[in-house]
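Visitor: Below, each chain spelled out in residue letters.
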Amino acid sequence: MLIVLCLSASLWGCTMTFQIENTVPIPLIEPLPISVYIYYPTSFREYEYREERSDGSVLVNQIGEAQQDVFDQLFVSLFRSAERIADLNIEPLDKNSADIIVTMAVEDYVITKPRDSGLDFYEVTIRYRLTLYNLQGEFISAWSANGYGRHRKTNFMPLAATAEATEEAIRDVATLIAIELGNTPEIKSIICRKYKIKTECG
Amino acid sequence: MISTVWVLVITTACSTATIEQVRHRVVPHVLNNDEALVIITNEKSSSDETEVSFSDCLYDELKDDSSILTVYSGGQFRDELYPWFEPRTAPTSHHALTKLMHQPGVRDKITKMKVRYVVWLNGDTDQVDQGGSMTCTVTPFGIGCFGLSWWDKESIYEASIWDLKLTQSVGKISAEVSGTSYLPALVLPIPLIARTQNTACEALAAQVKEFMGISLR
Chain A
1 MLIVLCLSAS
11 LWGCTMTFQI
21 ENTVPIPLIE
31 PLPISVYIYY
41 PTSFREYEYR
51 EERSDGSVLV
61 NQIGEAQQDV
71 FDQLFVSLFR
81 SAERIADLNI
91 EPLDKNSADI
101 IVTMAVEDYV
111 ITKPRDSGLD
121 FYEVTIRYRL
131 TLYNLQGEFI
141 SAWSANGYGR
151 HRKTNFMPLA
161 ATAEATEEAI
171 RDVATLIAIE
181 LGNTPEIKSI
191 ICRKYKIKTE
201 CG
Chain B
203 MISTVWVLVI
213 TTACSTATIE
223 QVRHRVVPHV
233 LNNDEALVII
243 TNEKSSSDET
253 EVSFSDCLYD
263 ELKDDSSILT
273 VYSGGQFRDE
283 LYPWFEPRTA
293 PTSHHALTKL
303 MHQPGVRDKI
313 TKMKVRYVVW
323 LNGDTDQVDQ
333 GGSMTCTVTP
343 FGIGCFGLSW
353 WDKESIYEAS
363 IWDLKLTQSV
373 GKISAEVSGT
383 SYLPALVLPI
393 PLIARTQNTA
403 CEALAAQVKE
413 FMGISLR
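Residue numbers (this note's numbering), protein chains in the order written: chain A, 1 to 202; chain B, 203 to 419.
Worth flagging that the hints you see were computed from the coordinates, not collected in a lab.
Hints should not be assumed to be uniformly reliable.
[Unchecked claim] Label pairs and their computed distance ranges (CB to CB):
hint: 1; chain 1: A; residue 1: Ser43; chain 2: B; residue 2: Leu368; range: 46 to 52 Å
hint: 2; chain 1: A; residue 1: Pro25; chain 2: B; residue 2: Asn235; range: 15 to 21 Å
hint: 3; chain 1: B; residue 1: Asn234; chain 2: A; residue 2: Asn134; range: 52 to 58 Å
hint: 4; chain 1: B; residue 1: Gln332; chain 2: A; residue 2: Glu48; range: 37 to 43 Å
hint: 5; chain 1: A; residue 1: Arg115; chain 2: B; residue 2: Leu368; range: 44 to 50 Å
hint: 6; chain 1: A; residue 1: Met157; chain 2: B; residue 2: Gln370; range: 52 to 58 Å
hint: 7; chain 1: A; residue 1: Thr184; chain 2: B; residue 2: Lys301; range: 17 to 23 Å
hint: 8; chain 1: B; residue 1: Thr341; chain 2: A; residue 2: Asn155; range: 51 to 57 Å
hint: 9; chain 1: A; residue 1: Ser141; chain 2: B; residue 2: Asn235; range: 49 to 55 Å
hint: 10; chain 1: B; residue 1: Asn234; chain 2: A; residue 2: Arg45; range: 20 to 26 Å
Note that the Cβ used here is the ideal one computed from N, Cα and C, for glycine as well.
Pulled out of the complex, with its shape left as it was, chain A reads as follows:
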């Protein structure tokens, strides 16, 4: 977690900016037998949480870069192959190189403070939306994944705990996607159609 502080304290308080880091290891999972194109919209790539506090200070958690790293690493392990694409223009895409397109978006990000929960922790809940498209650009399905993280408050730089909790929440979402995405009906259906596994797909 990289902390960039505004040291020019003024009557209006200062801006505390935390750069969230990727703390997620390479998962120990069997890859699904499909290949994907991955698209991250600008809002995902540059996502940051900004909160203006009552004392005039501003808390900023910069999440975009870390979450790109996390999901790049996850998808490379989760699928047979995963390639980033710059936009959703399907025309130039090689239709033989992948089976589906996956896009990511942040739906919600919430911080619960110790004074609100009565606990000694800062808690973060983050919800992602994972959307699948076929290579004709048609919508297949969307799946929401919630992640939860918490970090014990400290007396020194208590707001740093929000960054630690965010890293835990992103790791939790990556865990969920790693173990559950392959069990969703849509992914199972794609695998069945690709490999024509009639006995499993019915």
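Given chain A, put chain B in place with the hints provided.
Guide: Okay, now just chain B, sitting in the frame of chain A:
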């Protein structure tokens, strides 16, 4: 009178500890030279999640013992086995552990790390009471304080020991330490701290070593 107060304060600023050990199997559990132990905190509960300072203390106490060749911290173990020992996926029963060991790559990784036992930690340290008063003043001769503050702390921890070879829980150890800390001040405050968490850590570490038959080697 003042010396009497000091003697009373010094002799009462200490901790009382209660240790319990339950073995689920009569067969002794001996950690062989080529086997490893993992210390991991149970992160499912918000209310009594074990402090990092306690798990670090237990890790240091066990690691320092030359009889134990390899001890892994929870963080190291979770990273190696990711995503299988996360708060969302960690096994909580014999059945769940058996199922987990059949996940592709998990048994091989555990075998490679030579992990035999997992020590699951629960519990924490809480301040349960406090009292007294203290006044500090600034004078031309410096700062001075007068008064007496005290606070009670309780450290309650439990370690569940799982044998990954047998894929089952083999015992539980608990440590309960309570103590009163004092801060008397006659010009200068002199803290007399009851280190309940540290005492619980040392007591639990000693019990884990005895449980593993380590002290007998």
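Visitor: Against this structure, judge whether each hint is valid.
Guide: Right, here's what the structure says about each hint:
Between A/Ser43 and B/Leu368 the beta carbons are some 50 Å apart, a value that agrees with the proposed interval 46 to 52 Å. A beta carbon spacing of about 28 Å between A/Pro25 and B/Asn235 contradicts the range 15 to 21 Å that was offered as a hint. Against the hinted window of 52 to 58 Å, the Cβ-Cβ separation of B/Asn234 and A/Asn134 comes to about 55 Å, which satisfies the hint. In this structure the supplied range 37 to 43 Å holds for B/Gln332 paired with A/Glu48, their Cβ-Cβ distance being about 41 Å.
Judged by the Cβ atoms, the range 44 to 50 Å given for A/Arg115 and B/Leu368 holds: they are separated by roughly 46 Å. A C-beta distance of roughly 43 Å is found between A/Met157 and B/Gln370, which places it outside the suggested range of 52 to 58 Å. The beta-carbon spacing between A/Thr184 and B/Lys301, approximately 20 Å, falls within the hinted interval of 17 to 23 Å. At roughly 29 Å, the beta-carbon separation of B/Thr341 and A/Asn155 lies outside the given 51 to 57 Å, and the hint is violated.
For A/Ser141 and B/Asn235, the Cβ-Cβ distance of about 53 Å falls inside the hinted range of 49 to 55 Å, so the restraint holds. At about 50 Å, the CB distance of B/Asn234 to A/Arg45 disagrees with the hint of 20 to 26 Å.
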